[in-house]
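Full structure from sequences and hints, please.
2 protein chains.
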Amino acid sequence: MSERLVVVGGDAAGLAAASQARRMRGADELEIVAFERGSFASYSACGIPYWVGGDVAERDDLIARTPEEHRARDIDLRMRTEVLELDIEGRAVRAKDLESGAESRLSYDKLVIATGARPIRPDLPGIDARGVHGVQTLDDGQELLDTLDRIEGKRAVVVGAGYIGVEMAEALINRGYEVTVVHRGSAPMSTLDPDMGALVATAMLGMGIEIVCEAEVVEIRADDAGRVRSVVTASAEYPADVVVLGIGVTPETTLARAAGLPLGEYGGLLTDLAMRVRGHDDIWAGGDCVEVLDLVSGRERHIALGTHANKHGQVIGTGIGGGYATFPGVVGTAVSKVCELEVARTGLGERAAADAGLQFVAVTIESTSRAGYYPGADPMTVKMLAERRTGRLLGVQIVGREGAAKRVDIAAVALTAGMTVDQMTALDLGYAPPFSPVWDPVLVAARKAAGAVRARG
Amino acid sequence: MSERLVVVGGDAAGLAAASQARRMRGADELEIVAFERGSFASYSACGIPYWVGGDVAERDDLIARTPEEHRARDIDLRMRTEVLELDIEGRAVRAKDLESGAESRLSYDKLVIATGARPIRPDLPGIDARGVHGVQTLDDGQELLDTLDRIEGKRAVVVGAGYIGVEMAEALINRGYEVTVVHRGSAPMSTLDPDMGALVATAMLGMGIEIVCEAEVVEIRADDAGRVRSVVTASAEYPADVVVLGIGVTPETTLARAAGLPLGEYGGLLTDLAMRVRGHDDIWAGGDCVEVLDLVSGRERHIALGTHANKHGQVIGTGIGGGYATFPGVVGTAVSKVCELEVARTGLGERAAADAGLQFVAVTIESTSRAGYYPGADPMTVKMLAERRTGRLLGVQIVGREGAAKRVDIAAVALTAGMTVDQMTALDLGYAPPFSPVWDPVLVAARKAAGAVRARG
Numbered sequence: 001m002s003e004r005l006v007v008v009g010g011d012a013a014g015l016a017a018a019s020q021a022r023r024m025r026g027a028d029e030l031e032i033v034a035f036e037r038g039s040f041a042s043y044s045a046c047g048i049p050y051w052v053g054g055d056v057a058e059r060d061d062l063i064a065r066t067p068e069e070h071r072a073r074d075i076d077l078r079m080r081t082e083v084l085e086l087d088i089e090g091r092a093v094r095a096k097d098l099e100s101g102a103e104s105r106l107s108y109d110k111l112v113i114a115t116g117a118r119p120i121r122p123d124l125p126g127i128d129a130r131g132v133h134g135v136q137t138l139d140d141g142q143e144l145l146d147t148l149d150r151i152e153g154k155r156a157v158v159v160g161a162g163y164i165g166v167e168m169a170e171a172l173i174n175r176g177y178e179v180t181v182v183h184r185g186s187a188p189m190s191t192l193d194p195d196m197g198a199l200v201a202t203a204m205l206g207m208g209i210e211i212v213c214e215a216e217v218v219e220i221r222a223d224d225a226g227r228v229r230s231v232v233t234a235s236a237e238y239p240a241d242v243v244v245l246g247i248g249v250t251p252e253t254t255l256a257r258a259a260g261l262p263l264g265e266y267g268g269l270l271t272d273l274a275m276r277v278r279g280h281d282d283i284w285a286g287g288d289c290v291e292v293l294d295l296v297s298g299r300e301r302h303i304a305l306g307t308h309a310n311k312h313g314q315v316i317g318t319g320i321g322g323g324y325a326t327f328p329g330v331v332g333t334a335v336s337k338v339c340e341l342e343v344a345r346t347g348l349g350e351r352a353a354a355d356a357g358l359q360f361v362a363v364t365i366e367s368t369s370r371a372g373y374y375p376g377a378d379p380m381t382v383k384m385l386a387e388r389r390t391g392r393l394l395g396v397q398i399v400g401r402e403g404a405a406k407r408v409d410i411a412a413v414a415l416t417a418g419m420t421v422d423q424m425t426a427l428d429l430g431y432a433p434p435f436s437p438v439w440d441p442v443l444v445a446a447r448k449a450a451g452a453v454r455a456r457g
Numbered sequence: 001m002s003e004r005l006v007v008v009g010g011d012a013a014g015l016a017a018a019s020q021a022r023r024m025r026g027a028d029e030l031e032i033v034a035f036e037r038g039s040f041a042s043y044s045a046c047g048i049p050y051w052v053g054g055d056v057a058e059r060d061d062l063i064a065r066t067p068e069e070h071r072a073r074d075i076d077l078r079m080r081t082e083v084l085e086l087d088i089e090g091r092a093v094r095a096k097d098l099e100s101g102a103e104s105r106l107s108y109d110k111l112v113i114a115t116g117a118r119p120i121r122p123d124l125p126g127i128d129a130r131g132v133h134g135v136q137t138l139d140d141g142q143e144l145l146d147t148l149d150r151i152e153g154k155r156a157v158v159v160g161a162g163y164i165g166v167e168m169a170e171a172l173i174n175r176g177y178e179v180t181v182v183h184r185g186s187a188p189m190s191t192l193d194p195d196m197g198a199l200v201a202t203a204m205l206g207m208g209i210e211i212v213c214e215a216e217v218v219e220i221r222a223d224d225a226g227r228v229r230s231v232v233t234a235s236a237e238y239p240a241d242v243v244v245l246g247i248g249v250t251p252e253t254t255l256a257r258a259a260g261l262p263l264g265e266y267g268g269l270l271t272d273l274a275m276r277v278r279g280h281d282d283i284w285a286g287g288d289c290v291e292v293l294d295l296v297s298g299r300e301r302h303i304a305l306g307t308h309a310n311k312h313g314q315v316i317g318t319g320i321g322g323g324y325a326t327f328p329g330v331v332g333t334a335v336s337k338v339c340e341l342e343v344a345r346t347g348l349g350e351r352a353a354a355d356a357g358l359q360f361v362a363v364t365i366e367s368t369s370r371a372g373y374y375p376g377a378d379p380m381t382v383k384m385l386a387e388r389r390t391g392r393l394l395g396v397q398i399v400g401r402e403g404a405a406k407r408v409d410i411a412a413v414a415l416t417a418g419m420t421v422d423q424m425t426a427l428d429l430g431y432a433p434p435f436s437p438v439w440d441p442v443l444v445a446a447r448k449a450a451g452a453v454r455a456r457g
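For the protein sequence lines, the chains are A and B, in the order given.
The first sequence begins at 1 in the UniProt record's numbering and counts up by one.
The second sequence begins at 1 in the UniProt record's numbering and counts up by one.
Read the hints as simulated data drawn from the structure, not as lab findings.
The structure displayed is predicted, hence computed values, not measured ones.
Glycine included, each C-beta is placed from N, C-alpha and C at the ideal position.
Mixed in with the good hints, there may be bad ones.
[As the list claims (entries may be wrong)] Beta-carbon label-pair distances, calculated as ranges:
#1 B:GLU58 with A:ARG73: 56 to 62 Å
#2 B:ASP146 with A:THR202: 24 to 30 Å
#3 A:THR390 with B:ARG94: 47 to 53 Å
#4 A:GLY418 with B:ARG94: 49 to 55 Å
#5 B:GLY418 with A:THR390: 46 to 52 Å
#6 B:GLY418 with A:GLY101: 57 to 63 Å
#7 A:ARG23 with B:ARG388: 23 to 29 Å
#8 A:ASP355 with B:ASP28: 56 to 62 Å
#9 A:GLY418 with B:ARG456: 26 to 32 Å
#10 A:ARG456 with B:GLU216: 41 to 47 Å
#11 B:ASP272 with A:GLY418: 49 to 55 Å
#12 B:VAL218 with A:GLU366: 35 to 41 Å
#13 B:ASP272 with A:ARG73: 54 to 60 Å
[Claimed, not checked] Which chain A residues stay away from chain B? Per the calculated CB distances, all over 12 Å, these:
#14 MET79
#15 LEU124
#16 THR202
#17 ALA203
#18 GLY264
#19 ALA309
#20 ALA371
#21 ARG388
#22 ASP422
#23 SER436
This is how it looks when you write it as structure tokens:
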């Protein structure tokens, strides 16, 4: 007897789940219907800043698999179709074709919720002015590019200085805009500690990006035609022909909330380790709409990142396909290339460690990406946190140039394994002059951290 | 009461040990005398191929710290002074000043043996012809460059195709020589499995390096003046104006052997985890003259690598200084940049795994260094070995371009932690389009390996 799987959301998590389920169960035993309200499916949202900035030439380069390719593999992918309601009791969804306006109801045996995240749009006067853009979906990216093509002015304001905010600031300056970044924190990149974020600020200034710190936006002003004209903070007004919201994203769980499904502190769906929605054996959720366990702090977090979404989809599809897989959690690894810098972090920063009740030592070292005598050796700053007394690694932040970012993977694996910084000093990392000084920068940091743990006691 | 520490060998391990001991104990309580028979101390032997090839301009760029700098820190470093005998019973060494010929005897309270390694010189007719060079020490490198300056011919033969052999072949072709590499194996880079070594062979051929595989050198022919003329194998003769030996190195333990100290299967000194020579509480040994525990195979190996030598020196100096540190062993990580490729390996290859009595699955995947749509995404091949049944990671080999080599560190940490390939599939590695596809190549390999473990049972 054939079952029906309904997937709500047609990007990384949803369609990875559908694809994996299809690999394991043929169309004769599992019917798969997937709904996507946007115009695009299976794309790399992480690539949008590079497309806007011109590094990636074509929008379609970001699309991993077209709707037709999914349909050819017996996944009934219905584009521009918005799910309006999850009827958990009735085991059905209600959907609306956004082209025709027709509504329909479809029952399911198994349900996957992969509704993603949406950019945070602060409740400000003028937030809905034309020319104010979030950049979460490919549709968002296209709308922003349409605005850039249409407007004549060259003044851009980015609100917020998280990864997306900084990447978008760089993309816009590469397109010839005057860019001002307005943000609340004391340094850009709030996923870094402020001392490390300050290195990013220096690089942004070096590219000609204006940064306004510790500034709260209170209003967005528009002209009579409803087009954005400026961004207003408590103390200043910044003229703007276009505004990009880079404040971050929040789980898109409107449907899940209405259906009474369990949500966490950040508004994301809560699942078990097999990515099943807690208390619901036949409902899975994954990607940017869920909260994930942070293995270092022991708490749930919301992290919108394509690599997690793909892993979730793989786990979900394996479960639906009758196999066994889990997503054990994250350590909070993130890397970014911004303003000629490579920036990376994993684990906990000072604030998050303190919030988790951890006492720690924090050390910072300067080293180079290659042996000092080898051409192209670039400076690299590594900050490392270790738990007081146990010496357990808690987190690493790296800011440097070529070769800096992916070094954070060393720490990501060490965090997963629960290593101490003293154990890390003996790690057998790859060494050759074109790739590392004889002591890898991560080992230099580990040595200093181990010394600090001993000294602090 | 002051003690005397005698250090035999003035490169990475010996002088790192001396420096760390000095940091912990002042000159009033510890006298330090170090003997170095060569003309250089504290240099990066790993950098020699780049100096010969011209990437590093000056010989002195490779010197981390001059003899004068060591002396300024109360380390009595005696250059061009060869230790002739270790008198273990008498707790003294006998040394000869190579300039004056004067011999002396010096007692010690603590002894560090850091005599390094020497290039393997096969016992062949003609091996001592002028123009036949090993490249282990900075003196060796200088002699090779002197030969290159003197000779007019442009034909170079490299015997052996390990890391040094391939790096030297590249250095010589960059200097305008016609280079032939003659080696015994079926592919270059015997630290890689032959299927991965074949990728290196292709790149070498692409640079115009001639490779002769499965060829045993039987003779080196010289002209009447004693200058090298050709390299002869069982089936052919290769004209040569200069010959570089890249066969590998062997521990330089002549003194230790004569003194009856314990040596292992590869002729290296055997130590405990604190790097003390087994059975001798006041004698330490480290660097290229010792064997180290391979944590994956559980056996002792000989690995000549500056990063290990520095770690050994740190551990030894800490012990002599009255602290506590150990060198737990290696997982066999090595990275190299050869012929426009980045090459890396860690853990066991197929041969070593079988020799250790392990049954395993081996998988190979092709991926890219960045998201496929991001400019500069280069192909990368990852081979992964996992133990049958347990799924424990056994080894990884990577051949690619930019961004390939240091990815091996992910596997080096996972090996150290004893992770299974299934556990690795959930690793939270850094992802952003400029640095990785959404599934990092190492994760793609881990997924495939985990599947192979399940299938094989």
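Tested hints:
1. B:GLU58 with A:ARG73: 56 to 62 Å: Taking Cβ atoms as reference, GLU58 of chain B and ARG73 of chain A lie about 60 Å apart, which means the hint holds.
2. B:ASP146 with A:THR202: 24 to 30 Å: At 46 Å between Cβs, range violated.
3. A:THR390 with B:ARG94: 47 to 53 Å: holds (49 Å)
4. A:GLY418 with B:ARG94: 49 to 55 Å: holds (50 Å)
5. B:GLY418 with A:THR390: 46 to 52 Å: violated (19 Å)
6. B:GLY418 with A:GLY101: 57 to 63 Å: holds (58 Å)
7. A:ARG23 with B:ARG388: 23 to 29 Å: Hint holds: Cβ distance 24 Å, inside 23 to 29 Å.
8. A:ASP355 with B:ASP28: 56 to 62 Å: violated (48 Å)
9. A:GLY418 with B:ARG456: 26 to 32 Å: Since the Cβ atoms of GLY418 of chain A and ARG456 of chain B sit about 29 Å apart, the hinted range of 26 to 32 Å holds.
10. A:ARG456 with B:GLU216: 41 to 47 Å: At 59 Å between Cβs, range violated.
11. B:ASP272 with A:GLY418: 49 to 55 Å: Violated, at about 26 Å.
12. B:VAL218 with A:GLU366: 35 to 41 Å: violated (53 Å)
13. B:ASP272 with A:ARG73: 54 to 60 Å: Holds, at about 59 Å.
14. MET79: holds (21 Å)
15. LEU124: holds (29 Å)
16. THR202: Label holds. Min Cβ-Cβ 20 Å, cutoff 12 Å.
17. ALA203: holds (15 Å)
18. GLY264: The assertion about GLY264 of chain A holds, with a minimum of 19 Å to chain B.
19. ALA309: The claim breaks: ALA309 of chain A does not keep its Cβ more than 12 Å from every Cβ of chain B (closest is about 8 Å).
20. ALA371: violated (6 Å)
21. ARG388: holds (20 Å)
22. ASP422: violated (9 Å)
23. SER436: SER436 of chain A not clear of chain B: closest Cβ-Cβ about 7 Å, inside 12 Å.
Consistency note: the structure conflicts with the earlier hints numbered 2, 5, 8, 10, 11, 12, 19, 20, 22 and 23.
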